[in-house]
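Student: Sequence:
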Amino acid sequence: MVYTVGGIEIIQRAILPPETDNPAPRFRFHYDGLREGSEILPVGHQKKPGVSLPLSSAIRIDRDVKVSLRDGRVIRVDIFRPADVRVDEKIPAIMAWSVYGKSGVGFPNLEWLPYRACVPESMLSGYEKFEGPDPAFFCEHGYAVVNADARGTWDSEGDMVWSCSQEGRDGADLVDWIGQQEWCNGKVGMAGNSWLARAVSISIPNVVCADEMFLATFSNGTSRPSAPSIWRPLPRGKDFLTSIVKVSVEEECRSKMEDPFAMLEKYPLVNAYWEDKRADLSLINVPSYTLASYSTMLHTYGSVRGFREMSCSEKWLRFHPWQEWFDLYSPDSMVDLVKFFDRYLKGEDNGWESTPRVRLSLLRMDDQPPIINQVEDDYPVPRTKYPKYYLDNSHSVLSSQPPQPEATVQYNSVDKQIVKWDLVFEEDTQLAGYSKLVAYMSCPEHDDMDIHVQLRKLNRDGNEMSAINFPMNRLAEFGVKTPSDVPWVNICRHLGPSGVLRASHREIVPELSTVFDPFHPHTREDKIAPGEIVRLEIGFWPCGTSEALSAFRFLPADVNALELQCATTFSPPTITSDSYLSMIRAMEAVGPYIYDAHIPRTVFGSDTLPKLAEEVDRLGLKRVLVLTTPRQHDWAGRLAEILGIKWAGSFDGATMHTPIAVTDRALEAVGRVKADCVVAIGGGSTIGLGKAITYRTGLSLIVIPTTYAGSEATPILGQTVDRRKTTLTDTRVLPRCIIYDVTLTTSLPWSITVVSGVNALAHCVEALYSVSVNPIITAVAAQGISGITKALIALRMDADDLRARGQALTAAWSAGICLGAVGMGIHHKLCHTLGGSFGLPHAETHTVILPHAMAYNADHARDAMEVVRKAMDAKVPASLAVWELERGLGTVLTLKEIGMKEEDIEKAADLAMLQTYPNPAPLERSRLVELLRRAFHGLPPAYMAE
Numbered sequence: 027m028v029y030t031v032g033g034i035e036i037i038q039r040a041i042l043p044p045e046t047d048n049p050a051p052r053f054r055f056h057y058d059g060l061r062e063g064s065e066i067l068p069v070g071h072q073k074k075p076g077v078s079l080p081l082s083s084a085i086r087i088d089r090d091v092k093v094s095l096r097d098g099r100v101i102r103v104d105i106f107r108p109a110d111v112r113v114d115e116k117i118p119a120i121m122a123w124s125v126y127g128k129s130g131v132g133f134p135n136l137e138w139l140p141y142r143a144c145v146p147e148s149m150l151s152g153y154e155k156f157e158g159p160d161p162a163f164f165c166e167h168g169y170a171v172v173n174a175d176a177r178g179t180w181d182s183e184g185d186m187v188w189s190c191s192q193e194g195r196d197g198a199d200l201v202d203w204i205g206q207q208e209w210c211n212g213k214v215g216m217a218g219n220s221w222l223a224r225a226v227s228i229s230i231p232n233v234v235c236a237d238e239m240f241l242a243t244f245s246n247g248t249s250r251p252s253a254p255s256i257w258r259p260l261p262r263g264k265d266f267l268t269s270i271v272k273v274s275v276e277e278e279c280r281s282k283m284e285d286p287f288a289m290l291e292k293y294p295l296v297n298a299y300w301e302d303k304r305a306d307l308s309l310i311n312v313p314s315y316t317l318a319s320y321s322t323m324l325h326t327y328g329s330v331r332g333f334r335e336m337s338c339s340e341k342w343l344r345f346h347p348w349q350e351w352f353d354l355y356s357p358d359s360m361v362d363l364v365k366f367f368d369r370y371l372k373g374e375d376n377g378w379e380s381t382p383r384v385r386l387s388l389l390r391m392d393d394q395p396p397i398i399n400q401v402e403d404d405y406p407v408p409r410t411k412y413p414k415y416y417l418d419n420s421h422s423v424l425s426s427q428p429p430q431p432e433a434t435v436q437y438n439s440v441d442k443q444i445v446k447w448d449l450v451f452e453e454d455t456q457l458a459g460y461s462k463l464v465a466y467m468s469c470p471e472h473d474d475m476d477i478h479v480q481l482r483k484l485n486r487d488g489n490e491m492s493a494i495n496f497p498m499n500r501l502a503e504f505g506v507k508t509p510s511d512v513p514w515v516n517i518c519r520h521l522g523p524s525g526v527l528r529a530s531h532r533e534i535v536p537e538l539s540t541v542f543d544p545f546h547p548h549t550r551e552d553k554i555a556p557g558e559i560v561r562l563e564i565g566f567w568p569c570g571t572s573e574a575l576s577a578f579r580f581l582p583a584d585v586n587a588l589e590l591q592c593a594t595t596f597s598p599p600t601i602t603s604d605s606y607l608s609m610i611r612a613m614e615a616v617g618p619y620i621y622d623a624h625i626p627r628t629v630f631g632s633d634t635l636p637k638l639a640e641e642v643d644r645l646g647l648k649r650v651l652v653l654t655t656p657r658q659h660d661w662a663g664r665l666a667e668i669l670g671i672k673w674a675g676s677f678d679g680a681t682m683h684t685p686i687a688v689t690d691r692a693l694e695a696v697g698r699v700k701a702d703c704v705v706a707i708g709g710g711s712t713i714g715l716g717k718a719i720t721y722r723t724g725l726s727l728i729v730i731p732t733t734y735a736g737s738e739a740t741p742i743l744g745q746t747v748d749r750r751k752t753t754l755t756d757t758r759v760l761p762r763c764i765i766y767d768v769t770l771t772t773s774l775p776w777s778i779t780v781v782s783g784v785n786a787l788a789h790c791v792e793a794l795y796s797v798s799v800n801p802i803i804t805a806v807a808a809q810g811i812s813g814i815t816k817a818l819i820a821l822r823m824d825a826d827d828l829r830a831r832g833q834a835l836t837a838a839w840s841a842g843i844c845l846g847a848v849g850m851g852i853h854h855k856l857c858h859t860l861g862g863s864f865g866l867p868h869a870e871t872h873t874v875i876l877p878h879a880m881a882y883n884a885d886h887a888r889d890a891m892e893v894v895r896k897a898m899d900a901k902v903p904a905s906l907a908v909w910e911l912e913r914g915l916g917t918v919l920t921l922k923e924i925g926m927k928e929e930d931i932e933k934a935a936d937l938a939m940l941q942t943y944p945n946p947a948p949l950e951r952s953r954l955v956e957l958l959r960r961a962f963h964g965l966p967p968a969y970m971a972e
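27 is the number of the first residue of the sequence shown in this note's numbering; add one for each residue after it.
Note that these hints are calculated values from the structure, not bench results. Ideal Cβ positions, reconstructed from N, Cα and C, are used throughout, including at glycine. Be aware that a few hints might be false.
The calculated DSSO-like cross-link candidates involving lysine-lysine, where the alpha carbons are at most 27 Å apart (straight line), are [claimed, not checked]:
(1) K92 with K213
(2) K442 with K553
(3) K414 with K365
(4) K292 with K553
(5) K933 with K411
(6) K365 with K116
(7) K816 with K901
(8) K507 with K213
(9) K411 with K213
(10) K922 with K933
(11) K442 with K116
(12) K700 with K816
(13) K648 with K672
(14) K213 with K442
(15) K411 with K446
(16) K637 with K672
(17) K507 with K927
(18) K116 with K213
(19) K700 with K672
(20) K92 with K411
(21) K637 with K648
(22) K927 with K896
(23) K637 with K700
(24) K816 with K411
(25) K282 with K292
(26) K901 with K365
(27) K92 with K292
Cβ-Cβ distance ranges computed for the label pairs, FRET-style [unchecked claim]:
(28) T755 with E453: 40 to 48 Å
(29) S94 with C338: 40 to 48 Å
(30) P948 with P408: 39 to 47 Å
(31) G70 with K927: 27 to 35 Å
(32) D375 with D403: 40 to 48 Å
(33) G63 with L940: 28 to 36 Å
(34) E453 with L754: 53 to 61 Å
(35) T772 with E923: 22 to 30 Å
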């Protein structure tokens, strides 16, 4: 029969029926025949024995069930349900709709992709539809999963259509059918990427809630060579879907199929046929959770457009930094999604509504980890600024002022010449959202031209950067050792947002455009005369980068003028004293409290080291023994010069965790030189040894810190005896004087700078939820958290920033005051266990454990976590803010990389359970094991409680 849309006859072509014995290797997971009937898949069942994820709960599968559509055509679906559901128990359903085949047999599959998109077969049951939810996971959580073969595909009747109102009607019919089944509670959701999400947008009025990643394949009127195995783009602004290759459709389907490629040749401009493929997203009025990714750029625009245009008030957007399939099947993503569905399909009051409306990820590029889940109120981010930048051809840069005189540049695009302009931001800047290029261009010999433009980020050396679309620790499982080993293919690397426009399609509809996103209707061609200068507005895909230092790359013909408008958000404002007052008021004790702190004399400044001699004289001391680590032995010589005749000798054997045996050797040195004072210069190892000597001898102690851990200001002594870390608190170990010399820290390696800074941060954080916390400590802790956060970020940018190093030392002093005045909780006790019993480095262990310990306590220390969040000026939960700070600073995130063995996790949890100490959340072995496992693998903290 003739198929028409809007009076336009649709071009169709014959397609072959499915085959069970196709010899081509790429079809090995394909059609396995019509298999009507039911089966119980038991616990432990593996679709591919020894490879697939074993089922953790029994599943009933009803295969090739018939569903009649309103026009009488019959499509086929597979239904997966929990096998242990009572006969009278009704459950919600999740529908996955596409032409890709159901139950893991479709032509597209992860086998196509490098490293399987870091989703090993062992992660999935193999029964999932391509880009759809895994029945193994959702059935275990009390859902049915319905995988459908769309009209005309596989054994479903009719002619195949491509993303149009007919497919919307078909999807709506299936939703109605599912809701009427005796096992269904009448509530249906939809989930999946790409085509599956497109089906959401056209079927949505009948759906209770949806998870979406919209597909928008468009290219502003430009065209690319057509080939059997590549996608061909269609006009931008219409979200046209062209995501199945010709060969696969011809060889896998039957009857006839719509041929959008032929339609594009015949109708290159938008008409009723193309309009039928544009969903009215304002009809989406049910709760919706949209995912967006920068990784392929194929879906980014449509994902954001869906979020912006849907009319529902209960909608959420999460930008993640990874390749879309990797994120889709990651455990954290699936847990997040099931929580959304539990709220709206089961009616559970699980706090989903408190989920931030927008969670934004920002790419730092190259080997720098991304910022993840930055909380925003909306998208585009409301505080976004759109400054304009202009071509300055004399220096190949973009400037904030128009050049005088006007600049012109010419190049030959036929010979693949390109032009570049650089834009350097003078402060930390986030490029998050839409950008737009306004170009005045001409072409000397042709009546049309295609303009391609790309935004690239540069490193400090001026080299273009790229983002790796998978975490390196996951790539390592596939044999990838370094970032340079990651192949330069789209699935693995993201270069930056791009824009494209055909000059004859430059018309804009003002009422449908925004300041950042021009809307081109593509309803007519407006050719250009040779040499005619035309104004072109080219929108970029939404982008998300941080600390931007960017270059712009253009591939047009002759450029006569250029104006670029970027979406930027700037560094957060400085926290004022009023902010601290509000934090303090939030934590003020209702009743009385006790503040008992012993603060040593403190000398602070630059080049203060020579004051050591004055302090020794002030205390009436005669013979000084200097303590260092083996690597810091040179400090002893410098102090000998300052002390003169009062220098008695040195001991350079200090080591981490202060083993008793080392202290014994140091005491022998004390006796040999008849010292009446020890001076400890260095970090926690040296300071700890000084305290141990003072505790056992009563000698005076002077401390000169060169790191930021803050232990110098505490009356706490940690020692290791027989591989067990012990701690005691005694004011006798406090130094008589602390000398802070900012210049001594300038040579501190970045790796030590950051972990010692986070160590100080840990002291402040745990003080806030101590049983003996009080308003004074709360104020000091907040000051320390803010100071160390700002200082570390500044030092990451400029290691020689003396102001930031001074700020870090001041914050470290605050941290020490906090640690010495109140008791510590699970974080410090776990770190002492891991350090003393397993030999893990002290500061690195604090760095890895801190965000996870915070998440462990979050539900029982909400006020404390709010103080942390405000002090960091963060918009994400406090534990996640600390984890993201650490990632951004490039420090260690996993226990594995600092020497922990996975088999020791259980033992560590047992050792931690043996200790008794006050902690906001009760100690539970299972939770401790989970905390340690997440820390071992470098997963983000389980922050949902916050």
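Student: Now tell me if each hint is right for this structure.
Tutor: Right, here's what the structure says about each hint:
1. K92 with K213: 20 Å, holds
2. K442 with K553: 23 Å, holds
3. K414 with K365: 42 Å, violated
4. K292 with K553: 19 Å, holds
5. K933 with K411: 52 Å, violated
6. K365 with K116: 19 Å, holds
7. K816 with K901: 15 Å, holds
8. K507 with K213: 46 Å, violated
9. K411 with K213: 42 Å, violated
10. K922 with K933: With a Cα-Cα distance of about 15 Å, the restraint between K922 and K933 holds, given a limit of 27 Å.
11. K442 with K116: 62 Å, violated
12. K700 with K816: 44 Å, violated
13. K648 with K672: 5 Å, holds
14. K213 with K442: 55 Å, violated
15. K411 with K446: Given that 27 Å is the threshold and the Cα spacing comes to 24 Å, the pair holds.
16. K637 with K672: 14 Å, holds
17. K507 with K927: Given pair K507, K927 holds - Cα atoms ~20 Å apart, limit 27 Å.
18. K116 with K213: Given pair K116, K213 holds - Cα atoms ~10 Å apart, limit 27 Å.
19. K700 with K672: It holds: about 11 Å lies between the C-alpha atoms, which stays within 27 Å.
20. K92 with K411: 54 Å, violated
21. K637 with K648: Between K637 and K648 the Cα gap is close to 16 Å, so the pair holds against 27 Å.
22. K927 with K896: 36 Å, violated
23. K637 with K700: 23 Å, holds
24. K816 with K411: 23 Å, holds
25. K282 with K292: 19 Å, holds
26. K901 with K365: Roughly 21 Å separates the two Cα atoms, so the pair holds.
27. K92 with K292: 37 Å, violated
28. T755 with E453: 40 to 48 Å: 43 Å, holds
29. S94 with C338: 40 to 48 Å: 30 Å, violated
30. P948 with P408: 39 to 47 Å: At 41 Å between Cβs, range holds.
31. G70 with K927: 27 to 35 Å: 28 Å, holds
32. D375 with D403: 40 to 48 Å: Cβ of D375 to Cβ of D403: about 24 Å, so the range 40 to 48 Å is violated.
33. G63 with L940: 28 to 36 Å: 55 Å, violated
34. E453 with L754: 53 to 61 Å: 47 Å, violated
35. T772 with E923: 22 to 30 Å: Cβ of T772 to Cβ of E923: about 27 Å, so the range 22 to 30 Å holds.
Comparing the model with each earlier hint shows violations of hints 3, 5, 8, 9, 11, 12, 14, 20, 22, 27, 29, 32, 33 and 34; every other hint is respected.
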